[in-house]
Each structure stands twice: as C-alpha cells, then as structure tokens.
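Colleague: What follows is each chain in one-letter form.
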Amino acid sequence: MANKIFDRDTLLDLTVNVVPLFIIGFFVVGFVVLAPFGIDPLASAIQFGLLAVPFVLLAVLTYFAGRAVAGAEHSSDVYLPGQASVRGAEPLEEFDDTPESLERDQTNAVEGETADDAADDH
Amino acid sequence: MQVNGQLALTVLMGIFLVAVAAWLARIENWRSYTPIGGGGALGQQEGYVSEEKPSGIIRWLTTVDHKDIGLLYGTYGLIAFVVGGLMVTVMRIELIDPGMSFISNQFYNSLLTSHGITMLFLFGTPIIAAFANYLVPLLIGADDMAFPRINAIAFWLLPPAALLIWAGFFPIPDLIPAQTAWTMYTPLSAGVGAGNQANAGVDLMLLGLHLSGVSATMGSINFIATIFTERGDDVSWANLDIFSWTILTQSGLILFAFPLLGSALVMLLFDRNFGTTFFAGEGGAMLWQHLFWFFGHPEVYILVLPPMGIVSYVLPRFSGRRLFGFKFVVYSTLAIGVLSFGVWAHHMFATGMDPRLRASFMAVSLAIAIPSAVKTFNWITTMWNGRVRLTTPMLFCIGFVSNFIIGGVTGVFLASIPVDLILHDTYYVVGHFHYVVMGAIAFAGFAGLYYWYPLYTGRMYQKTLGKAHFWLSMVGTNITFFAMILLGYGGMPRRYATYLPQFASLHQVATIGALILFVGQVIFVWNFVQSWLEGPTVDDGDPWDLRESGLYTAEWDWYDQKLQTAIADGGEEEDSVLTDGGDEEESVRTDGGDVDAADD
Amino acid sequence: MDAEPGLSEQYRMASPWPLFIALGIPIAELGILFGLLPLAVGGLLLFGGSVAGMATESGYARTPWRALVVVAIPLAALGAGFVFTTINLPNRGFAIVAAAVILAAAGVVGSAFNTTNDPTY
Numbered sequence: 001m002a003n004k005i006f007d008r009d010t011l012l013d014l015t016v017n018v019v020p021l022f023i024i025g026f027f028v029v030g031f032v033v034l035a036p037f038g039i040d041p042l043a044s045a046i047q048f049g050l051l052a053v054p055f056v057l058l059a060v061l062t063y064f065a066g067r068a069v070a071g072a073e074h075s076s077d078v079y080l081p082g083q084a085s086v087r088g089a090e091p092l093e094e095f096d097d098t099p100e101s102l103e104r105d106q107t108n109a110v111e112g113e114t115a116d117d118a119a120d121d122h
Numbered sequence: 001m002q003v004n005g006q007l008a009l010t011v012l013m014g015i016f017l018v019a020v021a022a023w024l025a026r027i028e029n030w031r032s033y034t035p036i037g038g039g040g041a042l043g044q045q046e047g048y049v050s051e052e053k054p055s056g057i058i059r060w061l062t063t064v065d066h067k068d069i070g071l072l073y074g075t076y077g078l079i080a081f082v083v084g085g086l087m088v089t090v091m092r093i094e095l096i097d098p099g100m101s102f103i104s105n106q107f108y109n110s111l112l113t114s115h116g117i118t119m120l121f122l123f124g125t126p127i128i129a130a131f132a133n134y135l136v137p138l139l140i141g142a143d144d145m146a147f148p149r150i151n152a153i154a155f156w157l158l159p160p161a162a163l164l165i166w167a168g169f170f171p172i173p174d175l176i177p178a179q180t181a182w183t184m185y186t187p188l189s190a191g192v193g194a195g196n197q198a199n200a201g202v203d204l205m206l207l208g209l210h211l212s213g214v215s216a217t218m219g220s221i222n223f224i225a226t227i228f229t230e231r232g233d234d235v236s237w238a239n240l241d242i243f244s245w246t247i248l249t250q251s252g253l254i255l256f257a258f259p260l261l262g263s264a265l266v267m268l269l270f271d272r273n274f275g276t277t278f279f280a281g282e283g284g285a286m287l288w289q290h291l292f293w294f295f296g297h298p299e300v301y302i303l304v305l306p307p308m309g310i311v312s313y314v315l316p317r318f319s320g321r322r323l324f325g326f327k328f329v330v331y332s333t334l335a336i337g338v339l340s341f342g343v344w345a346h347h348m349f350a351t352g353m354d355p356r357l358r359a360s361f362m363a364v365s366l367a368i369a370i371p372s373a374v375k376t377f378n379w380i381t382t383m384w385n386g387r388v389r390l391t392t393p394m395l396f397c398i399g400f401v402s403n404f405i406i407g408g409v410t411g412v413f414l415a416s417i418p419v420d421l422i423l424h425d426t427y428y429v430v431g432h433f434h435y436v437v438m439g440a441i442a443f444a445g446f447a448g449l450y451y452w453y454p455l456y457t458g459r460m461y462q463k464t465l466g467k468a469h470f471w472l473s474m475v476g477t478n479i480t481f482f483a484m485i486l487l488g489y490g491g492m493p494r495r496y497a498t499y500l501p502q503f504a505s506l507h508q509v510a511t512i513g514a515l516i517l518f519v520g521q522v523i524f525v526w527n528f529v530q531s532w533l534e535g536p537t538v539d540d541g542d543p544w545d546l547r548e549s550g551l552y553t554a555e556w557d558w559y560d561q562k563l564q565t566a567i568a569d570g571g572e573e574e575d576s577v578l579t580d581g582g583d584e585e586e587s588v589r590t591d592g593g594d595v596d597a598a599d600d
Numbered sequence: 001m002d003a004e005p006g007l008s009e010q011y012r013m014a015s016p017w018p019l020f021i022a023l024g025i026p027i028a029e030l031g032i033l034f035g036l037l038p039l040a041v042g043g044l045l046l047f048g049g050s051v052a053g054m055a056t057e058s059g060y061a062r063t064p065w066r067a068l069v070v071v072a073i074p075l076a077a078l079g080a081g082f083v084f085t086t087i088n089l090p091n092r093g094f095a096i097v098a099a100a101v102i103l104a105a106a107g108v109v110g111s112a113f114n115t116t117n118d119p120t121y
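Protein chains in written order, with full-length UniProt numbering: chain G, 1 to 122; chain D, 1 to 600; chain C, 1 to 121.
Honestly, the hints are just simulated from the structure, not real lab data.
Errors might be hidden in some of the hints.
[Said to hold, decoys possible] Far from chain C, by Cβ distances over 12 angstroms, these chain D residues were calculated:
| # | residue |
| --- | --- |
| 1 | G5 |
| 2 | T10 |
| 3 | L17 |
| 4 | A21 |
| 5 | S104 |
| 6 | F107 |
| 7 | L157 |
| 8 | L158 |
| 9 | A161 |
| 10 | H210 |
| 11 | V214 |
| 12 | G252 |
| 13 | G275 |
| 14 | L421 |
| 15 | F518 |
[To be verified] Partial list, derived from the structure: chain D residues whose beta carbon lies under 8 angstroms from chain C:
| # | residue |
| --- | --- |
| 16 | L207 |
| 17 | L269 |
| 18 | F413 |
A quick note: this is a predicted structure, and the numbers were derived from the prediction, not measured.
Don't be surprised by glycine CBs; every beta carbon is placed ideally from N, CA and C.
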C-alpha cells in the first residue's frame with residue numbers, strides 16, 4: 001500500500017522537505033560530535049529537544065501530506081489546481097488512464113474518495 | 001460621585017440594551033421560526049438557495065455571505081493600511097533631520113507602536129482574511145464557509161479592536177497612546193517604574209490586540225473546517241489550489257499561535273491591573289519574550305504564507321505556464337508551517353540565553369530558509385521561458401519575488417548568531433523585515449487586489465495608474481529600506497526619534513523613499529476607489545485571457561456564471577454600462593497583452 | 001425594509017446576531033478589566049443573549065430560552081471563579097454572576113410565557 005502511494009514521483013516531490021531535515025540532522029550530529037559548549041543535562045536536553053521536535057514533526061507532517069496528496073492522485077481524477085470545479089474542465093493527462101483504472105476502482109471501494117480517508121485506513 | 005458615575009453608566013447601558021433589543025425585535029420575528037431540517041444540527045444547511053439579503057446598510061451589518069464578509073475585511077484592511085501609512089509618513093518626516101521637532105518624542109514612540117500593531121494585526125491579517133473569505137469557498141467549490149455566522153463574528157470583532165488599539169490617540173482625557181513598541185516587552189509594558197506606561201491607553205491596546213487575536217482564531221478554525229469538509233466533489237488534496245493550501249497552513253499556525261498571545265496578553269493585563277507578578281523581574285522579562293516570540297515568529301509566517309500563495313497563484317497566469325514544481329511549493333509551505341514554531345528565540349540571541357539553546361535555534365532558523373528559497377526558485381523557473389505579460393498584478397508579483405529575495409537573504413544572515421549579535425536592534429533588522437512585510441507581503445496583497453479587481457468589483461482598474469502605483473512602490477520600497485539596511489550596518493539603533501548627525505544623509509534618503517511610497521499609495525487609493533465607482537465594467541468572464549493558455553480557474557468560472565445569470569435576468573442596473581463595456585474590452589486587452597501577446 | 005419581520009427567515013444570508021456577539025465581548029471585557037460593572041453586566045447580557053439568539057436561528061437550539069440558561073451556566077461558573085478562587089476579584093465576579101442570573105431568569109421567564117408557542121415547533 002505505502003509503496004504504491006509513495007512512488008518515485010512522490011518521493012521526488014518530498015525531497016524538498018528532506019533538505020531542511022538534513023540541515024537539522026547535520027546540526028544534531030555536529031552538536032553531538034563537537035559539543036562546542038559542553039554537555040549539561042538540562043541545557044543539552046533542551047538543545048537537542050529543540051532540534052528533535054521540529055525534525056520529527058516535519059517528518060510526520062511531510063509523510064501524511066504526501067500520503068494525502070499522492071493518495072488522492074491515485075484514487076480520483078486529477079485536475080490542474082484550482083480547475084477541478086470549473087465547468088467542463090478536463091482532467092489532467094494520464095492519471096485516469098486504462099492501465100490504472102481497474103486498480104483504481106478497487107482502491108476507491110476501500111478508501112472512499114478523499115485522501116484523509118486513505119490516510120486513516122493505513 | 002463615583003456612585004453617580006456607575007448609575008449613569010448603568011442607565012446608558014440599559015438604554016443601549018433596550019435599543020438593541022428593540023431593533024432586533026423589529027427585524028427579527030422571534031416567533032416565526034420554523035424547525036430547520038429534521039435534527040437541524042447543521043446551521044448552514046438551511047439553504048442558501050435564496051440569494052436574498054436585506055438592502056442598504058442593514059445588509060452589510062447582518063451579512064453572513066463569505067463574499068460580503070471578504071469585502072468588509074478588505075475595506076477594513078485598507079482603511080487600517082491608510083492609517084498605518086499616515087502614521088509612518090509622519091514618523092519619517094520627523095526623521096528627516098536629527099533636530100526636527102515636528103512631533104514630540106513621546107508621540108513618535110506612540111506612532112511607532114501603533115504603526116507596527118496596525119500594519120500587522122489590523123492590515124496584514126485582515127487583508128489576507130479578505131482574500132481567503134472571498135476566494136477559498138469559490139476555489140474549492142464550497143457554497144460558503146463552514147460556519148458563516150462565526151465568520152461574521154470574527155469580522156465584527158475587528159472594528160472594536162481597532163478602536164481600542166487607537167484609543168490613546170482619541171481626545172479622551174487622561175488617556176495616552178501606548179509607547180511599548182509592538183513587542184510590548186516587560187517591564188516597560190507592565191507599567192512599572194518611572195515611565196508613563198501605566199496609563200490605561202496601554203490596557204486598551206492590549207484588549208484590542210486580544211480581540212483581534214480572538215477574531216483571527218475564529219477565522220482560522222473556520223478556514224480549517226471549510227477546507228477539510230466543504231470541498232467540492234472533484235476538489236481533492238491533489239488538485240487543491242496553492243492559495244487554499246497556504247490558507248490552510250496559515251490557519252494551522254494561527255490556531256497554535258494566537259491563543260498563546262491571548263493568554264500572554266491576559267497575564268500582562270493581570271500584572272498591570274490586579275497585582276500578579278507573571279512578568280516581574282529578569283525571569284519575567286525573559287518569560288514574556290519567550291511567550292511573545294513563540295507567537296511572534298509564527299505570526300511572521302502567518303502573514304507571509306498566504307501572500308506567497310497569492311503570488312504562486314497569480315504569477316503563473318501571466319507567465320503562460322503552470323506553476324513549476326507545484327508540489328514543491330505545497331510541501332515547502334507545510335515545512336515552513338512546522339519549522340516556524342522552532343525558531344522563536346532567534347529574536348532573543350542577545351538576551352544572554354544558554355549558548356546551547358541559541359545554537360539550536362540558529363540551526364532551525366537556517367533550515368527554515370530552505371523552503372522559502374525553494375519557492376523563490378519555483379517562481380523564477382515558472383517565468384523562465386514563459387510568455388510573460390507585464391500586467392499590473394504580474395509586476396507586483398515580480399516585485400514580490402525581487403523584494404523577497406533581499407528581505408529573505410538579509411534574514412538568513414540575521415539567523416546566524418555572530419552576525420545577529422552585531423546587527424541586533426539596528427536599522428538592519430528594520431530594513432530586513434520591511435523588505436518582507438512591505439516589499440513582499442503588501443506587494444502580494446496589491447497583486448491580488450489588482451488581479452481579482454474585476455471579480456469583486458465587476459469593473460476594471462485604470463492600468464496606467466496601476467503601473468504608476470507599482471513603480472512608485474517598487475522604487476520607494478527599495479530606496480527606503482535599502483537605506484535602512486545601510487543605516488544598520490553603520491550601527492544606527494532602532495526605535496529612536498532622533499539620531500547622530502553621521503546618519504543624516506541615509507535617513508534623508510529613507511524619508512524621500514517613504515514619500516515616494518506615499519505618493520504611490522495615494523495613486524493606489526484614488527485608482528481603487530474611482531475605478532470601483534466609475535471604471536469600465538468587465539463583461540468578460542475571462543478578463544485575463546486565461547482560457548487560451550489553459551490556466552482558467554474556478555473563481556473566474558464563478559464570475560462568468562454570474563455574468564451569464566445577470567444577463568439572463570436582464571441585468572437592469574447595468575444599462576448605462578454597455579458603452580463603457582466596449583472600451584473596457586480594449587483596456588483589458590491592452591493591460592493583459594501588451595508585452596508578448598503578439599506571440600500567439 | 002427593516003420593518004419587515006423575520007430577517008433571518010427571509011434573508012438566508014443575513015443574521016443580525018454576529019454583530020452583537022462581537023460587540024458584547026469588548027464591552028464586557030472593558031467592563032470587567034476596568035471595574036465598570038454596568039458595562040460588564042450589559043456586555044455579557046448582549047453577548048449571552050445574542051449567542052442564544054444565534055443558536056436558535058441556526059437550529060442548534062429550538063427556542064432561545066433554554067439556550068439562555070445554557071449560556072448562563074458557564075458565565076456563573078466564571079463569576080464564581082472570580083469570587084471564590086485566588087483570583088479574588090469579588091466585585092467583578094459578582095457582576096458576571098449577576099449577568100448570568102439575569103440571563104437565566106430571562107430564559108426561565110421566557111419559556112414560562114411562551115409555552116403556548118411550543119407546539120408550533
């Protein structure tokens with residue numbers, strides 16, 4: 001399931017948030033290895049907490065957002081952003097093509113149409 | 001004497017309440033209510049099929065239609081913008097010469113405080129809410145906001161908030177304006193010591209801020225509920241437009257940030273009036289700064305994310321291409337949303353906090369630069385090889401990108417502790433954030449106001465005046481705020497009503513820039529009001545020729561539908577307009593296509 | 001125009017209540033903060049009454065009367081908190097309690113006098 005949602009394109013899209021994660025991770029490693037101001041139980045705990053909490057939250061939010069967006073792509077027609085409710089709008093290219101439509105019907109039955117549903121059932 | 005005062009107040013209040021009740025009884029037949037839907041649990045289900053609203057001023061006082069409320073927010077925001085702009089014009093005139101005594105130092109401090117609070121809370125947040133209210137339901141295919149009445153409450157809290165914040169400027173005896181700066185640092189704002197900040201004017205300002213926070217929180221809950229639950233059938237997360245994404249993220253930030261400000265303000269009010277000691281002493285001063293900036297830094301992103309959404313939305317329409325890397329922009333918006341809560345103490349590097357903590361805040365502050373930079377590259381790449389049409393909204397979008405780069409890069413330097421320790425509390429900081437708030441946020445607001453002008457007025461603005469507005473704003477912004485950055489390098493401290501002679505020329509340059517900005521905004525107000533009243537009507541559902549490049553979107557489709565319905569109804573009031581309509585077609589086309597339109 | 005009864009019946013996109021809810025909050029806050037007790041009571045009455053009216057209008061409550069009592073309960077609790085806890089601002093607390101009592105009384109009286117209307121719901 002997860003593999004199908006997080007295909008190569010989605011992972012590529014998500015790299016944008018991997019960069020800040022990497023920067024935070026870089027500083028975590030740096031502060032551990034170099035410990036420029038020494039280690040103090042309370043101050044160091046807060047120091048790493050201040051890095052870890054945003055890191056974890058960003059990773060979690062990126063995961064769920066990616067799943068919601070990619071899940072919606074797999075389970076319903078994709079329009080250009082802002083165009084879905086335009087009269088006579090046509091879905092964007094390939095996503096509703098035949099190879100996927102069979103599978104799409106199945107996932108539709110399980111997931112319902114919205115991505116948050118999709119996110120819930122995992 | 002005191003008893004008499006209370007008695008008089010009681011009588012007045014009683015009369016007021018009776019008047020309200022009488023008015024309500026007159027327009028509301030309380031007995032005429034019929035049961036609404038079976039369970040009636042969903043207020044908004046009662047059916048907006050009937051478009052009827054009362055007429056005249058009653059309509060605006062009682063409306064719960066998201067478009068009307070959007071217009072109210074917009075009007076309010078622009079009035080606040082005028083007020084805040086006039087305030088700073090006076091300040092810049094005072095700074096034209098170190099010996100200038102145009103206004104007193106106290107009045108300068110008052111203006112400084114009110115300019116900041118007015119622009120951030122009474123212009124910035126409401127003008128974004130204006131766009132969001134008007135557009136988000138249209139863009140996501142919703143009938144209205146999830147809670148239309150809460151929406152109206154959120155707006156109507158704002159006028160009292162503005163009156164309270166500005167109360168000190170009104171000729172009320174014994175009341176002086178707050179001089180705490182917008183950050184309201186204790187102990188100054190706690191009213192202790194020899195200063196005059198124990199005055200009730202500060203209390204009123206704090207109450208007004210509190211109200212505006214309540215309003216913003218109500219609005220944000222409404223937007224979150226609307227975007228999650230009221231999307232049209234075809235509007236999935238995969239094709240939610242970028243503006244709604246930024247509003248969703250912004251609302252999340254408001255939801256976590258503003259209640260904290262509200263609590264901190266109540267604590268401060270208690271300190272001032274009821275003898276509590278939340279913010280007493282050195283620890284208390286640090287506590288205030290932590291609480292304030294835990295709100296204050298997300299507030300920066302609360303203000304900048306939706307304008308980024310507007311630019312991401314408008315800029316591709318005039319580049320003839322889709323937004324490059326749409327999902328990069330979406331995910332980086334979310335990343336900014338999360339990380340913005342992890343950087344607050346970079347405003348406090350100079351407070352002598354533990355160096356370990358400082359280092360962590362620096363790390364996250366540097367990390368948050370990445371998502372912003374990603375967006376910048378996306379905008380530039382969108383324009384790259386695009387069919388760029390330099391209309392007024394597009395000019396403002398490009399101005400946004402340009403100014404945001406300067407504002408952003410100066411910010412990255414401030415995120416670095418050693419640099420910050422040198423530049424902290426200098427004009428460099430002022431220049432940096434004004435590049436962002438004026439050069440970027442306000443520019444995006446203008447881009448939106450011009451781009452959707454036909455949508456909400458049904459008329460077209462005057463394109464020459466629009467372009468004059470842009471160029472004066474662009475030149476004025478860069479002159480004023482670049483001079484400030486240079487002043488900061490020279491060591492000019494913030495917030496002073498005067499300065500050492502060595503700073504005179506740069507201050508004069510900044511003042512000249514501010515006056516250029518002022519002229520530009522006068523033109524804007526003139527253009528905005530006159531075109532609304534007398535501009536040529538737009539009879540085309542696609543005034544920006546978006547269909548041919550496949551970039552037509554839902555809100556214009558709604559407008560097109562509205563025009564067609566109006567024609568079918570025999571739109572009476574538009575009679576005299578047909579002649580103007582002919583002109584308008586042309587003016588639209590020239591504005592829309594004077595650069596590269598020949599290509600196709 | 002405003003002589004026509006039943007605004008929110010007739011105009012689905014209009015409601016008179018939000019304006020007064022929004023007006024009630026600052027009046028009450030000012031009154032409580034500065035100890036101007038008539039303002040505190042009046043603002044809370046305006047706020048509470050409008051909340052009840054809006055709840056009725058949007059279908060969350062069938063009559064405004066019981067909604068008034070429901071609004072009064074948290075207000076009374078808040079007022080009691082001001083009086084009896086370490087907040088220790090008895091005058092302001094009593095003002096809040098007074099507003100709650102008036103609201104509750106209005107609710108009780110209203111439902112007592114409007115029983116005949118109930119069958120129409």
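Colleague: Hint by hint, work out which the structure violates, then give me just those numbers in ascending order.
Modeller: Violated: hints 1, 2, 3, 4, 7, 8, 9, 10, 11, 13, 18.
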